[in-house]
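Assemble the complex: chain A is given as a structure, and chains B, C and D must be docked to it using the hints.
There are 4 protein chains.
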Amino acid sequence: MNYQLIKKTTLLLAVCLLAFSQAYAQDVPKPLPMKPGMTEFWEPEIDVVTPGEQTDNAFISAPSDAIVLFDGKNLSEWEHADGSDAKWTVADGAFTVNKGTGDIKTKKEFEDFQLHLEFRIPEDITGKSQARGNSGIFLQERYEVQVLDNYNNRTYANGQVGSIYKQSRPLKNPMRAPGSWNVYDIIYAAPRFKEDGSLFSRATVTVILNGVVVQNHTTILGNTMYIGLPDYEAHGPASIRLQDHGDPSEPISFRNIWIREM
Amino acid sequence: MNYQLIKKTTLLLAVCLLAFSQAYAQDVPKPLPMKPGMTEFWEPEIDVVTPGEQTDNAFISAPSDAIVLFDGKNLSEWEHADGSDAKWTVADGAFTVNKGTGDIKTKKEFEDFQLHLEFRIPEDITGKSQARGNSGIFLQERYEVQVLDNYNNRTYANGQVGSIYKQSRPLKNPMRAPGSWNVYDIIYAAPRFKEDGSLFSRATVTVILNGVVVQNHTTILGNTMYIGLPDYEAHGPASIRLQDHGDPSEPISFRNIWIREM
Amino acid sequence: MNYQLIKKTTLLLAVCLLAFSQAYAQDVPKPLPMKPGMTEFWEPEIDVVTPGEQTDNAFISAPSDAIVLFDGKNLSEWEHADGSDAKWTVADGAFTVNKGTGDIKTKKEFEDFQLHLEFRIPEDITGKSQARGNSGIFLQERYEVQVLDNYNNRTYANGQVGSIYKQSRPLKNPMRAPGSWNVYDIIYAAPRFKEDGSLFSRATVTVILNGVVVQNHTTILGNTMYIGLPDYEAHGPASIRLQDHGDPSEPISFRNIWIREM
Amino acid sequence: MNYQLIKKTTLLLAVCLLAFSQAYAQDVPKPLPMKPGMTEFWEPEIDVVTPGEQTDNAFISAPSDAIVLFDGKNLSEWEHADGSDAKWTVADGAFTVNKGTGDIKTKKEFEDFQLHLEFRIPEDITGKSQARGNSGIFLQERYEVQVLDNYNNRTYANGQVGSIYKQSRPLKNPMRAPGSWNVYDIIYAAPRFKEDGSLFSRATVTVILNGVVVQNHTTILGNTMYIGLPDYEAHGPASIRLQDHGDPSEPISFRNIWIREM
Chain A
-5 MNYQLIKKTT
5 LLLAVCLLAF
15 SQAYAQDVPK
25 PLPMKPGMTE
35 FWEPEIDVVT
45 PGEQTDNAFI
55 SAPSDAIVLF
65 DGKNLSEWEH
75 ADGSDAKWTV
85 ADGAFTVNKG
95 TGDIKTKKEF
105 EDFQLHLEFR
115 IPEDITGKSQ
125 ARGNSGIFLQ
135 ERYEVQVLDN
145 YNNRTYANGQ
155 VGSIYKQSRP
165 LKNPMRAPGS
175 WNVYDIIYAA
185 PRFKEDGSLF
195 SRATVTVILN
205 GVVVQNHTTI
215 LGNTMYIGLP
225 DYEAHGPASI
235 RLQDHGDPSE
245 PISFRNIWIR
255 EM
Chain B
-5 MNYQLIKKTT
5 LLLAVCLLAF
15 SQAYAQDVPK
25 PLPMKPGMTE
35 FWEPEIDVVT
45 PGEQTDNAFI
55 SAPSDAIVLF
65 DGKNLSEWEH
75 ADGSDAKWTV
85 ADGAFTVNKG
95 TGDIKTKKEF
105 EDFQLHLEFR
115 IPEDITGKSQ
125 ARGNSGIFLQ
135 ERYEVQVLDN
145 YNNRTYANGQ
155 VGSIYKQSRP
165 LKNPMRAPGS
175 WNVYDIIYAA
185 PRFKEDGSLF
195 SRATVTVILN
205 GVVVQNHTTI
215 LGNTMYIGLP
225 DYEAHGPASI
235 RLQDHGDPSE
245 PISFRNIWIR
255 EM
Chain C
-5 MNYQLIKKTT
5 LLLAVCLLAF
15 SQAYAQDVPK
25 PLPMKPGMTE
35 FWEPEIDVVT
45 PGEQTDNAFI
55 SAPSDAIVLF
65 DGKNLSEWEH
75 ADGSDAKWTV
85 ADGAFTVNKG
95 TGDIKTKKEF
105 EDFQLHLEFR
115 IPEDITGKSQ
125 ARGNSGIFLQ
135 ERYEVQVLDN
145 YNNRTYANGQ
155 VGSIYKQSRP
165 LKNPMRAPGS
175 WNVYDIIYAA
185 PRFKEDGSLF
195 SRATVTVILN
205 GVVVQNHTTI
215 LGNTMYIGLP
225 DYEAHGPASI
235 RLQDHGDPSE
245 PISFRNIWIR
255 EM
Chain D
-5 MNYQLIKKTT
5 LLLAVCLLAF
15 SQAYAQDVPK
25 PLPMKPGMTE
35 FWEPEIDVVT
45 PGEQTDNAFI
55 SAPSDAIVLF
65 DGKNLSEWEH
75 ADGSDAKWTV
85 ADGAFTVNKG
95 TGDIKTKKEF
105 EDFQLHLEFR
115 IPEDITGKSQ
125 ARGNSGIFLQ
135 ERYEVQVLDN
145 YNNRTYANGQ
155 VGSIYKQSRP
165 LKNPMRAPGS
175 WNVYDIIYAA
185 PRFKEDGSLF
195 SRATVTVILN
205 GVVVQNHTTI
215 LGNTMYIGLP
225 DYEAHGPASI
235 RLQDHGDPSE
245 PISFRNIWIR
255 EM
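Protein chains in written order, with the numbering used here: chain A, -5 to 256; chain B, -5 to 256; chain C, -5 to 256; chain D, -5 to 256.
With the rest of the complex left out, here is chain A (with noise of 0.2 Å):
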């Protein structure tokens, strides 16, 4: 027997496992696919709350331990979701989505940690439900705390401004018009994976919007999905995401952002 038939006949081999192990594994079902609205929970409607007043130019600045990661001059701490320049515009001391750019995400990765941040819906803003000043801050990038403008703006409860996108709801509405600056204080802990990559603790955030806590110490139960379920997969340290949407909404601001690691 010559090397080539040897050769031959271990693909033909190798062509007919596969096959039967692609056959055993048709045997087994797939989840049915799911559609968007089998995830979205428009009841009860989620009660609104008016804010504080606070001093618009007297936003707290970062604390000395924290990593600043925007101080209103540039995006040295941020890239493309892709690794490539962010291309989102810098002005007045925010920055602002620059719509079909792409997601930006932050240089340095994390694991736990307190983040602040501020955005502003543009007071010009249009649309309605989800199509309305819609962005979104990715924890580690997976794990979506929304951004949306729910001022006045219903939308389904798990999905609004607050929420912990399709997962929890937030516990009250403290959204501010459109045109002023919305504060987000979140403490994160990320999950935990054991050396086999199950899960071994899952995420857990709260979630402080503009003074008030829409997420008490919510458990995370796997990455945000806009279809179907969540599940987790093993990772490390990642980045904050912040989302291009891409919708026809006016441009949404951020400005103040540091994170303190935990």
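Careful, some of the hints might be misleading.
Copies of the same chain are indistinguishable here, so a pair counts whether it falls within one copy or spans any two.
[Said to hold, decoys possible] Think about it this way: if two alpha-carbon atoms lie no more than 30 Å apart in a straight line, the pair counts; the simulated DSS-like pairs of lysine-lysine are:
no. : residue 1 : residue 2
1   : K81       : K122
2   : K122      : K24
3   : K102      : K188
4   : K24       : K102
Hint data in this document are derived by calculation from the structure and do not stem from the laboratory.
Chains B, C and D only, in chain A's frame:
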């Protein structure tokens, strides 16, 4: 304006308001309906474990502080799920599902507990996947620990024996062969609700099947659902309910059931 | 046997039983008494963090769903810990400890909440370690979040500002200098007890001091004790109590106190 | 300045700095020393429960995925705590403490696991309180599940059989009489530490003694201490250690030990 007129006017107004509120309510989308197969996950397959040997007639009896729910003699601690008499059959120190007569539940209600229960799939069981020895233990009438013959019978992982049905797949599959007794030891903490009915803390459960931990302080996400997503509704102490699944499988038997309030 | 004789005999028997039960009880050792210094841990020292800048008169006001516990005008929401009138002094939009008059507490009682409170150490504070600006916020009258001047004043780590007193040291020390206002934001979940008075779940608390997380979903182990070990006793909703520590320190002031039930 | 002079000067400087730093360190108070009796709580007494009957020679054997740590034949899975050979005696399918030879531990190290272990107090045991059949199972060499004869032998509740030693009293006392085998089933999750050595999550443990839950997902507060308060120090996977308590009690035996990594 006389009384009759007031009454009629009020009624008319009420009807109008109701119509208006319904019209308004109809304005809010409802979640799209789901199908059972959307929450059935076959992969990855659960590893089989051969449980330890145990002399069949040497099962552990109840500790002195336990409430004996079945001592082999009668159904005095049980009733039909609708409150009428339980119609399952008692023989040879066990009771057996009487197909089509409906679920049975304990007359007593429980909150936090340790539950011991043994079950046997008949030796001549037929069928496959979910249609093979299907029953269930509903903790507090809501949260199902699956009973199914998964000895050489694959089904979706999150619906096989040892699973919290469609919520949490078992860590392992230590099922004994049909005709043998399987032993469940379940440590359960009930959910707690606030006075306004909102959830304070989720239920947790540890499940040991034939001496092998299959659920390790698992957080229960809400009612276990055949179709759709789990959610909580406020409740107090409730019964243990056993399922008459009603399919053409041979009848499943139970014995040696006791519970310790914790 | 007449009535007087029965009465005397009964009394004698009761006395004998009491003596016997005490003798019996004395047979069981009691834990040896502890001293305060046994639960005071100075090492490792807590890192100092300079908090962010905030315009002093631009503090955030109460959200619309908050109960305002002090709006700068009067002590109408407070009373002496013994239920009599609160005797602390109100001036310039703040109230101040009136040394020796005793603790004050809210008239309303609370379970789970978000609490905002600001405090100021007088600029001419003297003393050191615990004898420098000592007060405290007792959540549900039992669990003390420490108030102390730790600006350039070291004390045992588990007893400094931001600590759960003698239970959990703060993660950082973001204290402002005497004369400045410090801001506490506290998210608290009450312990839950079973019907028999045993503990179901421990209290948890997240504490943010001057914008810096100092307690991150910390589990409270029981009543905060000056001497000895913490333990739980069953209780329901209870007040927020502020401490008149009574040492020769200058008086501490409070302002802008509001609470949101959760 | 020659090399020898530099060397001497540097040495002198180093000594001075050390002396200075020690002097400085001495300036910080150390916690006052405690006595054992300060952490021994006899009240309330733990309720006795008579465990269920079990045929003595019908104990459950190891599941197929378990690591058998003792199969009745030899100490091949064990070594002396100092790494030398284990000197305990093997006879009649059990091994027995060889008083004065020291603790033994598993050669393998573990993180999260389910542990099964049986122990027997000799029938002619003497002594009382802690001096009666005292041994212990140290999970990860640090966290002691108490082994003690508490059949008609009272001791401090947080130090009796089923306790996490001096941390968590058992829920019940289901001890069998001397001469009988007692069965421990232990479900343990290791603590997790951050890269800087600080604690991320505490260890938890569920303990079932003779079929009765005695610890229900108990949070371990740190190393179990005879004197003083528990605290955590960062560590990785570690052995199961069994204690040679060294008191004049009769020797304790162990059998049927297996562990499943989780």
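Now for the hints, and whether the structure bears them out:
1. For a Cα distance limit of 30 Å, the shortest separation of K81 from K122 inside one copy, 27 Å, qualifies, whereas the shortest one across copies, 53 Å, does not.
2. Taking the closest pair of Cα atoms, K122 and K24 come within 30 Å of each other only across two copies (17 Å); inside a single copy the shortest separation is 35 Å, beyond that limit.
3. In this homomeric assembly, K102 and K188 come within 30 Å of each other (Cα to Cα) both inside a single copy, at 24 Å, and across copies, at 18 Å.
4. Taking the shortest Cα distances, K24 and K102 never come within 30 Å of each other, neither inside one copy (37 Å) nor across copies (40 Å).
Of the numbered hints listed earlier, the single one contradicted by the structure is hint 4.
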